[in-house]
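Asker: Residue numbers (full-length UniProt numbering), protein chains in the order written: chain A, 1 to 355; chain B, 1 to 355; chain C, 1 to 355; chain D, 1 to 355.
These aren't lab readings, by the way, just hints derived from the structure by calculation. Check each hint, because a few of them may be wrong.
Identical chains blur together in the list; that is why a pair holds if it fits in one copy or across any two.
Once the Cα atoms are required to be at most 20 Å apart in a straight line, the calculated EDC-like pairs of lysine to aspartate or glutamate come out as [said to hold, decoys possible]: (1) K27 - D135; (2) K27 - E303; (3) K317 - D161; (4) K143 - E284; (5) K162 - E259; (6) K101 - E85; (7) K7 - E92; (8) K27 - E294; (9) K7 - E69; (10) K317 - E303; (11) K89 - E294; (12) K48 - D60; (13) K317 - D164; (14) K7 - E32; (15) K27 - D197.
What you are looking at is a predicted structure, and each value in this text was computed from that prediction instead of being measured.
Chain by chain, the residues:
4 protein chains.
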Amino acid sequence: MPPQKLKVAAAGLGRMGKRHALNFLNKAPRAELVAAFSPDPSELSWAKQNLEPYGVTLYDDYDKMIAQEGLQAVVIGTATSVHAEEAIKAMEKNLHVLCEKPLSTSIEICKSVVTAAKKHSHLKVMCGFSRRFDDSYRDAFEKTQQGLIGRPSILRSQTCDKHDPSGFFVAYAAWSGGVFVDMAVHDIDLTLWFFGDDVIPKSISAHGITAVQPDLKKYNDYDNAVGIVEFHNGKVAYYYCSRMMAAGQEDTTEVIGTEGKLTVNGNPQQNLVNYYHAGGVTREIPATYWGRFEQAFINETNEFTAACLDGTPLPLKLSNAVKAVEIGSFLQEALVSGKQLHFDEIGRRIEKAQL
Amino acid sequence: MPPQKLKVAAAGLGRMGKRHALNFLNKAPRAELVAAFSPDPSELSWAKQNLEPYGVTLYDDYDKMIAQEGLQAVVIGTATSVHAEEAIKAMEKNLHVLCEKPLSTSIEICKSVVTAAKKHSHLKVMCGFSRRFDDSYRDAFEKTQQGLIGRPSILRSQTCDKHDPSGFFVAYAAWSGGVFVDMAVHDIDLTLWFFGDDVIPKSISAHGITAVQPDLKKYNDYDNAVGIVEFHNGKVAYYYCSRMMAAGQEDTTEVIGTEGKLTVNGNPQQNLVNYYHAGGVTREIPATYWGRFEQAFINETNEFTAACLDGTPLPLKLSNAVKAVEIGSFLQEALVSGKQLHFDEIGRRIEKAQL
Amino acid sequence: MPPQKLKVAAAGLGRMGKRHALNFLNKAPRAELVAAFSPDPSELSWAKQNLEPYGVTLYDDYDKMIAQEGLQAVVIGTATSVHAEEAIKAMEKNLHVLCEKPLSTSIEICKSVVTAAKKHSHLKVMCGFSRRFDDSYRDAFEKTQQGLIGRPSILRSQTCDKHDPSGFFVAYAAWSGGVFVDMAVHDIDLTLWFFGDDVIPKSISAHGITAVQPDLKKYNDYDNAVGIVEFHNGKVAYYYCSRMMAAGQEDTTEVIGTEGKLTVNGNPQQNLVNYYHAGGVTREIPATYWGRFEQAFINETNEFTAACLDGTPLPLKLSNAVKAVEIGSFLQEALVSGKQLHFDEIGRRIEKAQL
Amino acid sequence: MPPQKLKVAAAGLGRMGKRHALNFLNKAPRAELVAAFSPDPSELSWAKQNLEPYGVTLYDDYDKMIAQEGLQAVVIGTATSVHAEEAIKAMEKNLHVLCEKPLSTSIEICKSVVTAAKKHSHLKVMCGFSRRFDDSYRDAFEKTQQGLIGRPSILRSQTCDKHDPSGFFVAYAAWSGGVFVDMAVHDIDLTLWFFGDDVIPKSISAHGITAVQPDLKKYNDYDNAVGIVEFHNGKVAYYYCSRMMAAGQEDTTEVIGTEGKLTVNGNPQQNLVNYYHAGGVTREIPATYWGRFEQAFINETNEFTAACLDGTPLPLKLSNAVKAVEIGSFLQEALVSGKQLHFDEIGRRIEKAQL
């Protein structure tokens, strides 16, 4: 008898949802995609062609899908606004959950998912921060753990998307939570990873511009923003988010320690080709985060599957997902208000005058 | 009813055979590994643990395996000496064949496989040259096709392994066909790809040393060798093979055209991490060809599967596999004999005195 | 009759003073070093061996030196505290002035030098910002001028020194003006160059730590600091200064425009050597800013000389030197006070409550 | 009294001659350019403007120039055909000699210069191989000396010029000695440096094409050529020369040892700028060898000067210059004849049949 496969359902078949569904279908030998849900007819029509023939039952109702017999886990790639509700419902049906980030743009709602997960502690509930599954970040983390850079003290990290002139990002800004919640949340999660998830912000500043998408202003958002988070334990992280890159995706991180430095993706590249021509030497770089992190998403799929089947620990804590959104929200507040935020040693907001 | 999957058997479960078996088992959603064969008890014992539980029937007899009902294809990763015989037997059983390179170190035997394949022209028969499936090489090839470098004229390519002090390569040299047949065959295949598979050698030279493995001399082999092949159409390829690299696998290619140049893997790298320390900036590089080409092997597995199921063309001709070994053998002859070889415009050997 | 050479005196023969003296002596074919001054006996003793034999008259009194007949220019490389006074005295003697940065750590004193220079408008008075004379920065600037990156909008720049465990930097902090005045002033000057020297800060934030030199705290200084300057014209610059680098000098700049990006020294390197070894591939990087900018200092020497002899314009305005120190001081204030600073559209400080 | 300066005369004011003259005039603080010669009126006219005003006496007759009183050294940058004669005449006038490479394209004539130099052993006589003065090559050599790569065993080196469609190289081929004598001579000199100048060739092969300059064939020359030299001590060097590069000068060297590898200029670059744009990331590379080696030529000028003044040893032996041309000529013979050359253990030519 072959080893049991994890029976997984996919909720949401949009840009990311589709990718999760296909990863569970094709790239996860220990998983079996058995169901998929979308409220969107065109997404369902795609699924009829691409999932149904492989034994995937389709639903236009999330509740019905999670009631499917034998189901063990659900991967949630729907709109952010329903992530939390769907995650909680899944737990109530005794299903493991892999949820796209963020759990919510509201801290309160994020916390409700964590509370639910604590109640169902036998379930694996993970919010997918793809960089945690990237070989290069992992190698950098191991080197940090080995003490190669001494005490990590400064972290610089950026999430920079290729400029998309279509206006997509303006519409998206209406509900994304803002550039620090939507983009820098990855860099903040890296900070929690490399600095330790017990770090407590001491002060936060942020500044931004709308250089190519002036309409972002109506949603209090920016297309380029820089923020600094100083922590109480003598560490500083600083972030740059941009939606204006000409060449492609530039997600770069530096971890600077007292005895060395590690960079990840300091020189973005599409592949190992260099083209020498009359104008010099050119290499291409990935157009999107998918081009950069495709393999990390596959790792995520397989490691989540293994954790569910084998009862092994997940490589990241659900509470981090809340903390990352929380710090992102503070940065966004600092950005929009033009005020520096301050916190005491147990993380409570204080007014500077009080200091 | 889900789409049909290709039922595949794996012959040979040594270093490469294992990898092929696992790729068909886990990385090829449209294939199903149903059988595996090895004459080696310890390999079979591995298979009992790692393949049998997933529905793979095990054999210690190749002929019995290929007689398994419903089988559609076989991947051959046994010792080189039996590649050809097994490939031909498989065709006679009406099976598609993916065979590890080389078909044989004997040109005559190589040709017998091509002849058999012509007789069974409805079957897909491929000798796996993994670089043909590598994204970077493919990108370079497309750029060449687009005319970005003008007319490709000079090709430099090297296959350089990390130094292995275990003595493995000395034993291996007894039957590998020599460094140009075993290693440079990949670089020669790239030459046929980028220059066109109709190129005809005009003259061939080679020189080598045994710098770290003096015992190779007893098999007329070398641990470092450089060879040049000049073609009749005004193109030159030159190759470097080494088993002495300190840092890891260094398989690098340059294609130099009349208007530009493309390099593939000019700067080998393990991943996207750079480590800054008191001695400078260091990046690691892959220890083995598997570290460099793992994804290419997965692509190969999937594209072979698709070609068998859909009847689409394979991306490389079987006859190239013969031609690459033939040129490799000439280089080896030039290397061992210390003589330059010459050929007329239809590829017949000539003595220089005749010129 | 050979063309006239510029007769130059060197004030200060410490670390930088020595280098300026030697550059005028040996690397500036159109200049002639005729005098040198130091109040320090050991520096004078060095000068007796290294300058006097080449016709350089030595002084232990600055006023006497600048009274030397025929003198045309002075290069000032003394302690920062006397830069301004010496520069003004030199102008009063009708001498051109090349002064090491900064003119002063006090804005008022800086301005007094500018006022003096305006009175002596026939004299060339320059505060040496070496990066303005670096080929790579110049190339990046030209590319920016050509419109290659659209409208420059974000500038990231860092001045990062190799960690010096000797304690030198602690003593130095007593009078350096702090990390943003001493180090980031170069990055701020680059900002004025690439963004235009008419930019007006809108808000400023900064955060820092003392990771390896805790004694810096007694001078209100930091060994790692990050600051952001948002300008009124929709541009943002952010800076990182560190005295903790393990590998060497890492002065890196990115200029990000609406249509492209330019990096300068994104991959620091000592030279063109890469060393492949069992641990990977390593390159060294310069240990000091001198290793990085030696040629820029030579260019500075020669261009200052040419401007004096030929009456051609200097490549940077003296007023920038004041503005750079001013912004540096604001960053330092923001760093030390933990407050965000705000400015109105004509650059006057405002309290946030007023907004 | 200031230290004495070396009084130098420059012979030849063409492309290279001009540069040598200006280096001695402006970049060599311990030298004084006192005379210059050219048979060419337009070169003399240039010298009237650029050298004469600085105290340089001009000549249209070499013999008269070297008779100038007080002269101590001559730098020879005339046509190759007169290098040797001028060098010998200079020695007879008791002058130190820095001669552009090669001494001659004839081995016999080269040797006559060495013989003359032996007779005047108190004189410094150097044939300028600029790479010996390049910081990167020197660093690589020191690392080799320190044993970082074990025993150097394979050397790959290339001299590749940017394609010049003007036809200059065709005319130049009439007297250059061919691509291996003109270009690879630098790479051969590097070989003598890194392998030791006592290496003796065992066998030599070469192949070439005329891809962009078919007219080169009338001078038996090639625009792309690859050659291999196998030495008797178990080392192999291989060379690539090209006049077809699209991007600029690509002079790259790898020294591969039994325990490591050093690369010099594996990634050619104009400066430290990278340009990110919609097509990727681009860096420029130097258009000419001068762009790559300008500083090496300055070092050469100053070290030759110091050796003459201080009686210190030159960093390279004159006999190497002969040996490099000799090996270059063998490569050229192998290239043109289509024959592999063989040598016995004391370097005498042998026919393969004899082996």
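Asker: Now tell me if each hint is right for this structure.
Answerer: Outcome of the hint check:
| no. | hint | result |
| --- | --- | --- |
| 1 | K27 - D135 | both (17 Å within a copy, 18 Å between copies) |
| 2 | K27 - E303 | both (12 Å within a copy, 15 Å between copies) |
| 3 | K317 - D161 | neither (27 Å within a copy, 37 Å between copies) |
| 4 | K143 - E284 | between (28 Å within a copy, 12 Å between copies) |
| 5 | K162 - E259 | between (34 Å within a copy, 10 Å between copies) |
| 6 | K101 - E85 | within (14 Å within a copy, 54 Å between copies) |
| 7 | K7 - E92 | within (17 Å within a copy, 40 Å between copies) |
| 8 | K27 - E294 | both (11 Å within a copy, 15 Å between copies) |
| 9 | K7 - E69 | within (10 Å within a copy, 30 Å between copies) |
| 10 | K317 - E303 | within (14 Å within a copy, 38 Å between copies) |
| 11 | K89 - E294 | neither (28 Å within a copy, 40 Å between copies) |
| 12 | K48 - D60 | within (12 Å within a copy, 43 Å between copies) |
| 13 | K317 - D164 | neither (33 Å within a copy, 38 Å between copies) |
| 14 | K7 - E32 | both (5 Å within a copy, 19 Å between copies) |
| 15 | K27 - D197 | neither (31 Å within a copy, 35 Å between copies) |
In terms of the numbered hints stated before, the structure departs from hints 3, 11, 13 and 15, listed from lowest to highest.
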